[in-house]
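Asks: Count the sequence shown with the working numbering and you get residues 23 to 405, in order.
If you're looking for bench data, these hints aren't it; they were derived computationally from the structure. Just to be clear, a hint being listed does not mean it is correct.
No more than 25 Å apart at the CA atoms, straight line, and that leaves these computed lysine-lysine pairs for BS3-like [unchecked claim]:
| id | residue 1 | residue 2 |
| --- | --- | --- |
| 1 | Lys-57 | Lys-27 |
| 2 | Lys-57 | Lys-111 |
| 3 | Lys-291 | Lys-312 |
| 4 | Lys-111 | Lys-227 |
| 5 | Lys-291 | Lys-278 |
| 6 | Lys-312 | Lys-278 |
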Amino acid sequence: MQLLKLVAEQIQVGASLPFNVRDAAGGLLLACGQKVYSQTQLLALLERGVFADVQELQALQAGQAVPAEPPSLASRWQQAVWSLDLMLKSLGDSEHFLANCDEVTTELITLARQDGDVALYQSVRQENQQLRLYGLTHSLHVATLCLMVAQRLGWAESRQRSAVKAALTMNASIIELQGRYAMAGGRLTESQREQIRRHPEEATKRLRAAGTADEEWLVAVAQHHEQAGGRGYPRGLTEVEELARLLRLVDVFMAKISARTSRPAMDIKLAARQTYEAAPGDAMVAALIKEFGMYPPGELLRLASGELAVVVRRGASLQCPVVMTLVDAQGKACAVPMRRDTSRPEHAVAAVVPDKSLLARVPSERLYGLYGLHGLDALNPLH
23 MQLLKLVAEQ IQVGASLPFN VRDAAGGLLL ACGQKVYSQT QLLALLERGV FADVQELQAL
83 QAGQAVPAEP PSLASRWQQA VWSLDLMLKS LGDSEHFLAN CDEVTTELIT LARQDGDVAL
143 YQSVRQENQQ LRLYGLTHSL HVATLCLMVA QRLGWAESRQ RSAVKAALTM NASIIELQGR
203 YAMAGGRLTE SQREQIRRHP EEATKRLRAA GTADEEWLVA VAQHHEQAGG RGYPRGLTEV
263 EELARLLRLV DVFMAKISAR TSRPAMDIKL AARQTYEAAP GDAMVAALIK EFGMYPPGEL
323 LRLASGELAV VVRRGASLQC PVVMTLVDAQ GKACAVPMRR DTSRPEHAVA AVVPDKSLLA
383 RVPSERLYGL YGLHGLDALN PLH
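With the hints as extra help, turn the sequences into a complete structure.
Replies: As structure tokens, this is what we get:
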């Protein structure tokens, strides 16, 4: 496939795409017929670098229609960010917001349940993270993990949906501020501090005005920064509802393992240890840590063979994840990632690699998207 880099003039905001939009590796980002919904989305795509198949562009010039490819798993996760953006922007529109929220919630639950390892991989890797979108991506990852923890705890389906909706909307009034701060760092102004202090109540107010009647959702948003004993904000409550406690737990954990301009991401094991030490014996904490496991998808490992590999699936045992090689024992990049069984002594996990910069050069499409939801298992046999 020969690719041509696209420029702004070739993509019209709000119009159906006449061709498939791809990343530098040829992975599908947006299928023909899908839309770029905002100038913000367009700028983010151009900043990332987007391409089209030259043959498709030539077919268009010849008056031929370009067939749409089925959206890949990676492209659906990317699109979820923009669906959330549109949903939050419709919060002042009581006629459409609740329907938009139901649609985004259903898609996110579908993605997470189709492949939980890919969902965790997205949260750990945060591939192509653009910091100005931090508010959106953070809410999306928190919602995903709240769902997975709620499932592990055996919550009813309706409560799981409430948890997802609460996570998606908890920061509705500070989404842009979160992105600006993640990019710039530095000290917050007094006005920004007040905006942050009030955001749980402001988000709750907007949700009520939009017609939200789910009290558990509303209370979770209002209380998601409260802590038992009165140490939280904005009201210093001494008792906090269960869903709000889940929201805060996952919110804080995801913030720790997410990079900012001002600091790198915290090591997942350190974040897990800090979380456990803050609340030993807590069932929610235990469920969150078990969901990630010892080596979660997205973790970079050195194997006993000398190869570098990325975890793509949690294994049958905590110590033996399924991995795909990125660098061979001689230090050369693998043209085709190979699946390794870390339960075998020659491919056992030797160490976690703290420098994750290598992963930035490996699109998840190479590991998941181009092969479909279950294609990883068929890509090559265990070695």
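Asks: For which of the previously enumerated hints does the structure constitute a violation, in increasing order of number?
Replies: none
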